[in-house]
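Student: Chain A is already provided as a structure; the job is to place chains B, C, D and E on it using the hints.
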Amino acid sequence: MSLEPNKIPFWFRFERSGNMDEFQEACRKLELDPLIIEDMLNEQHLPKVEIYEHLVFLIARIFPNKDNLAESSMVCLILGERFVLSYEPGFAFYNSLLNPQKIPERASKNPESLFLLLFDWVVDSYLPLSTCLRRQADMMEEEALDQPEKDFSVRFQQLYKIIGNCRRAVSILHEDFMRLTPFNTPLISKSSQHILNDIQDHLRGSVQALETNASLLISTRGLYQDAVRQRQSEIIQHLTFITSIFIPLSFVTGVFGMNFANLPLLESPYGYLIVLIVMVLIAVWMWAFFKRRLKE
Amino acid sequence: MSLEPNKIPFWFRFERSGNMDEFQEACRKLELDPLIIEDMLNEQHLPKVEIYEHLVFLIARIFPNKDNLAESSMVCLILGERFVLSYEPGFAFYNSLLNPQKIPERASKNPESLFLLLFDWVVDSYLPLSTCLRRQADMMEEEALDQPEKDFSVRFQQLYKIIGNCRRAVSILHEDFMRLTPFNTPLISKSSQHILNDIQDHLRGSVQALETNASLLISTRGLYQDAVRQRQSEIIQHLTFITSIFIPLSFVTGVFGMNFANLPLLESPYGYLIVLIVMVLIAVWMWAFFKRRLKE
Amino acid sequence: MSLEPNKIPFWFRFERSGNMDEFQEACRKLELDPLIIEDMLNEQHLPKVEIYEHLVFLIARIFPNKDNLAESSMVCLILGERFVLSYEPGFAFYNSLLNPQKIPERASKNPESLFLLLFDWVVDSYLPLSTCLRRQADMMEEEALDQPEKDFSVRFQQLYKIIGNCRRAVSILHEDFMRLTPFNTPLISKSSQHILNDIQDHLRGSVQALETNASLLISTRGLYQDAVRQRQSEIIQHLTFITSIFIPLSFVTGVFGMNFANLPLLESPYGYLIVLIVMVLIAVWMWAFFKRRLKE
Amino acid sequence: MSLEPNKIPFWFRFERSGNMDEFQEACRKLELDPLIIEDMLNEQHLPKVEIYEHLVFLIARIFPNKDNLAESSMVCLILGERFVLSYEPGFAFYNSLLNPQKIPERASKNPESLFLLLFDWVVDSYLPLSTCLRRQADMMEEEALDQPEKDFSVRFQQLYKIIGNCRRAVSILHEDFMRLTPFNTPLISKSSQHILNDIQDHLRGSVQALETNASLLISTRGLYQDAVRQRQSEIIQHLTFITSIFIPLSFVTGVFGMNFANLPLLESPYGYLIVLIVMVLIAVWMWAFFKRRLKE
Amino acid sequence: MSLEPNKIPFWFRFERSGNMDEFQEACRKLELDPLIIEDMLNEQHLPKVEIYEHLVFLIARIFPNKDNLAESSMVCLILGERFVLSYEPGFAFYNSLLNPQKIPERASKNPESLFLLLFDWVVDSYLPLSTCLRRQADMMEEEALDQPEKDFSVRFQQLYKIIGNCRRAVSILHEDFMRLTPFNTPLISKSSQHILNDIQDHLRGSVQALETNASLLISTRGLYQDAVRQRQSEIIQHLTFITSIFIPLSFVTGVFGMNFANLPLLESPYGYLIVLIVMVLIAVWMWAFFKRRLKE
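Chains as they are written, first to last, in our numbering: chain A, 2 to 297; chain B, 2 to 297; chain C, 2 to 297; chain D, 2 to 297; chain E, 2 to 297.
Okay, chain A solo, but in the shape it has when bound (with noise of 0.2 Å):
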């Protein structure tokens, strides 16, 4: 089912209907092969390029949906002799990257250019992806360098993975992309190889972009270890301190509340001051054996 008249007549855009019919008829008049469409119908079918005879069969994974990354959709571009065919499980591609009114001129006059265009939307999808990711990323890093909240290591684990998708989805097309470089295939004319390299090269440099979103966070993760262990080092320095200090002074006290008939100083009227007095040395002594230790 497609959602507007096409006005442009070799493509057959197709989106998610409740009835196949329409889409299973066209494949059949376009005779593709079996095994296409069942890879078409598999929603988590990985990216792929594929180059056949008369075809060029093509499986992408887009972001739509800025505040939920985790959420992919799949794409299918099928270019063939004199038609475009154009499916998606849903209308993500639809929605976020198509606009009909944008399609210029030539892209309207054969399959080649259309199937370029679409293409080239779907790859420039890429980089606000990997730049929306950054930031992401960057906000973790400030957090860990300053002062990382009690769910860090969750929201971690969730961005972690969310780039681990991405990057996947990213470097498998251009791995098979890279792979099937130069094109040959009568269907993509010589002319247009130029705009096979800019596609290409904007899928490098998405992958590019994804892979320091990757070891910036992994550096990340990182520093949030190093801040946890650093925090925990100076709570321990603190308790450190503290018993260094009044555990002597409690002994101290100690060894004056014991009941002994005739312990010294204890009825000399200047005895408690004499003792406070060493009780002050001794803190200021363990003070400084604590400082010292520390610097070592």
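Be aware that a few hints might be false.
Identical copies carry no separate label here, and so any pair may be met within one copy or between two of them.
Stated by the list, open to error - Below, simulated EDC-like cross-link-like pairs (lysine to aspartate or glutamate); rule was C-alpha separation at most 20 Å, straight line:
| no. | residue 1 | residue 2 |
| --- | --- | --- |
| 1 | K110 | E32 |
| 2 | K162 | D177 |
| 3 | K103 | E32 |
| 4 | K103 | D125 |
| 5 | K30 | E54 |
| 6 | K191 | D202 |
| 7 | K8 | D68 |
| 8 | K103 | E39 |
| 9 | K191 | D121 |
| 10 | K296 | D202 |
| 11 | K296 | E144 |
| 12 | K8 | E82 |
Read the hints as simulated data drawn from the structure, not as lab findings.
Tutor: Just chains B, C, D and E, lined up with the frame of chain A:
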């Protein structure tokens, strides 16, 4: 020994049996190389694909028991010019994947189709496997983020080893397969190459999924370690908190527990009140000191 | 807009300007592909080298600001049959590396020499960069081994990211360069190939140096973590030492502080002396016990 | 010096002997290159396979001593046009693997068969080796999960180094072998290529098994570290638990141990009972507080 | 400036000298490319092997000072059609490896032999180097397993950097060498290719040995960290042990140190004995509790 009369005349199917005579005789009749037979009888053999002049020889490992994925089982498939031979040292393939009823008409027509069908069934069993492992890895991740049990490490290690085994089994097969593609053997006709492509595609998908699982599991271990560290840090905080408050207070009680004859305040009617107030102030101060250090 | 009259007639030099008309017109006259122009106008573009039929197109990143190496700047160089075009979105290349006075006679004779000269200047700027980063990494290492400050992690992360950026910029250029060597383009004569070799050599040296830096920095992080762990270990030793000595002594004072009517020694004239001696013995024993445990 | 009369006339077998004259003379007669002889006399030589015009030269390392796998021993095999030469600097190969009685008829017919047989024996010795190491790695894993002894680290390191050595020995041989496959030398007939394939298969299996061992061992180290961390965490919990309960109680006793003249409750007949009840309440509260913090 | 009259007429040998005129003139006479000269004059140049039409140009690094392996020194060798040129910016090669007396007859006959001999000497110096580093790495390992000193980290880092430098120097040379094998230059005759093979073999052995060293060192760092962690764990055990025993006992003394008028047992003649027995029981119980927790 075949368990039921083979309805397909060119299919030699063998499962484990007490008496290997029939198998040995079939091998002799089909003129299989002794080294191939030796490989088939080695139950621990690694997966491989080999292309001889008149033979395609394939060993794969399947994981028939969903409740114990540590157990794997070997399946051997041989495609000859006029026959297909399948062999396994147990009944795992027969019981879990092989369904003679579902063998389509065309596969019972020629060996090539049958071979590809059986191979496809083997490869198709890897995807549910990785889905199942994914579910277990997800559960471990949730536990690591929430409340890891005491035996987390033990279960983690088990799952880690299972995923490792599966990944190895699938990726070795995939590598061998890649190396040989496109299959230049007269045994597989040009028109069937796209089925091989499809099988390879599924293999690749399974390898990807299993690798994703493995990397998810590794980052789960990191989460678990963070959680242990975090909890330890909190216990030390608790210890430090209690100690910071009460050690100084105990010192104060120690001071007024000393038996000096003329310690001030002791005889004063409000002495103990004053001291108690001082102690409350110290406690508050220590609390604040501790909190401030924690924030730093 | 060119900042000074170009003395070399075939050199089209452009730096950022408020009005891009001149640049656009030059591009039109030189018949540059719109995709190349688009790449040039994307300031964040990754380095690359591309060889077209009548064009060598090169994007590199330079790091003009020695005090803020996190900032990088793009330089584009194009070698055509009868021209060289250089473009940058700022004045970084012009200010830091380009020195028209130093352009030798031969470079002003033909485009090829000029292009190679400019490229060489870009590549030559990477070595001092890596030397500068090396110095910073060495300083971090020394600090980690000696007395890491509190903000060590923050500064470490900054340097780590800078080195990562530089390494990426240089190694992508190097990879592209390697892939294209030897340059099979009529634009670069056979006799100039050795200059390309030399440039490649320098690129490789810079990549090596930056990778050495990165691995040094990573091992520095290990040193820092060891130092933090070591210090924590020492603080805990201190805590344990103080506690081991005084807790048992306090217990002894507690015993003789109990109000039992007939506790022995209390009335004896040397009672407290005996107890003090016992306490000294306990302290010595505890000291020895602690030291022995540490040695084990 | 050969230990027993060679029954196979074309087989030159040498083990270590005090007098190398016979060996040197054989080398001269067989016209071996001095560099090959030099390699053979270097007992620490890495494994390698080299194919010369009239020679296949192979160095492998075997691990003859099952109780001390840290010890490896060199074996050299040379296949010439009309001879096989085997050399080892000890008797390890002769004692552990070489069994003249088991040399089949066909191997004593031509050098090629003998060479392949000997090579096969060397490679076949790697699989039991990896099985033996696997058993040891499994035992370490169990210990790490259960109750690691104090010298765990030392034994771990030993096993780790042994597995590393074995892996290196086997994988270098495998790599060299792979690089040369298929062997384009007239010395090995086409009909024997499948034996080479089989040998390569076994080598590959051994490499895989040893790598699995190594990665198992590495994850075992992780288990061990987790166990140490876990135990430390529990000890700190214990410490915190004891301290949380008794420090506040000691403070209460300290309060009523102060010598104030008019401290309340002291003279009351149920005073001490009230205080004891209060202390029990504090203990219960502290217990609950501690448990709650642990759960958080 | 050559240090002694060259007995081999085609050998141009240069070591550092205050006056470079002779060197410059020789370069001019031999018609060396200015870029090659520039490379030779850069003392920090990475190792490389380059094959020109009439020239083989080689830069290697040697480590002449066994007591300070952090210091490396450059050696340049050039093989021309009728000459060999050796250059170094110091006397390291001359002093440590070059021994004119040991130059065999045949090497003084033609440039090719001399070049290969010198190259062989350079490469042969790498094996003792890696043996020496191995010994140091073994010593660090023993120390880590036994009793690491306080400056372990510092010395570790030094050795780690030295091994890294050596490894880089050797492996870059090896890589370049591999890339060019087999040398297709008329300068090296077919009959000398086996000498090149031998050199390559030795290079490979050195690379392997240095990589083994590096990985040994990395696992040594793990051992050291385990040891630090283990020791910290033991100190905490000690602390917990002491605290577990004495804190409850001190509480008991505190109870009977309270000044309640009618605390039971105080007036009883066996009161203190009963309390002491109770305290012993508590101590034993605490001991058992602690040990049980440790075992869990």
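Student: For every hint, state whether the structure bears it out.
Tutor: Here is what the structure says about each hint:
1. K110 <-> E32: neither (23 Å within a copy, 25 Å between copies)
2. K162 <-> D177: Neither, since 23 Å and 30 Å both go past 20 Å.
3. K103 <-> E32: neither (30 Å within a copy, 26 Å between copies)
4. K103 <-> D125: within (15 Å within a copy, 42 Å between copies)
5. K30 <-> E54: within (17 Å within a copy, 40 Å between copies)
6. K191 <-> D202: within (17 Å within a copy, 29 Å between copies)
7. K8 <-> D68: This pair counts as neither: shortest intra-copy Cα distance 33 Å, inter-copy 54 Å.
8. K103 <-> E39: For K103 and E39, the Cα distance is within 20 Å only across copies (18 Å; inside one copy 31 Å).
9. K191 <-> D121: within (17 Å within a copy, 33 Å between copies)
10. K296 <-> D202: Classified as neither: same-chain Cα gap 54 Å, cross-chain 47 Å, threshold 20 Å.
11. K296 <-> E144: between (29 Å within a copy, 14 Å between copies)
12. K8 <-> E82: Intra 19 Å, inter 44 Å, cutoff 20 Å: intra-copy only.
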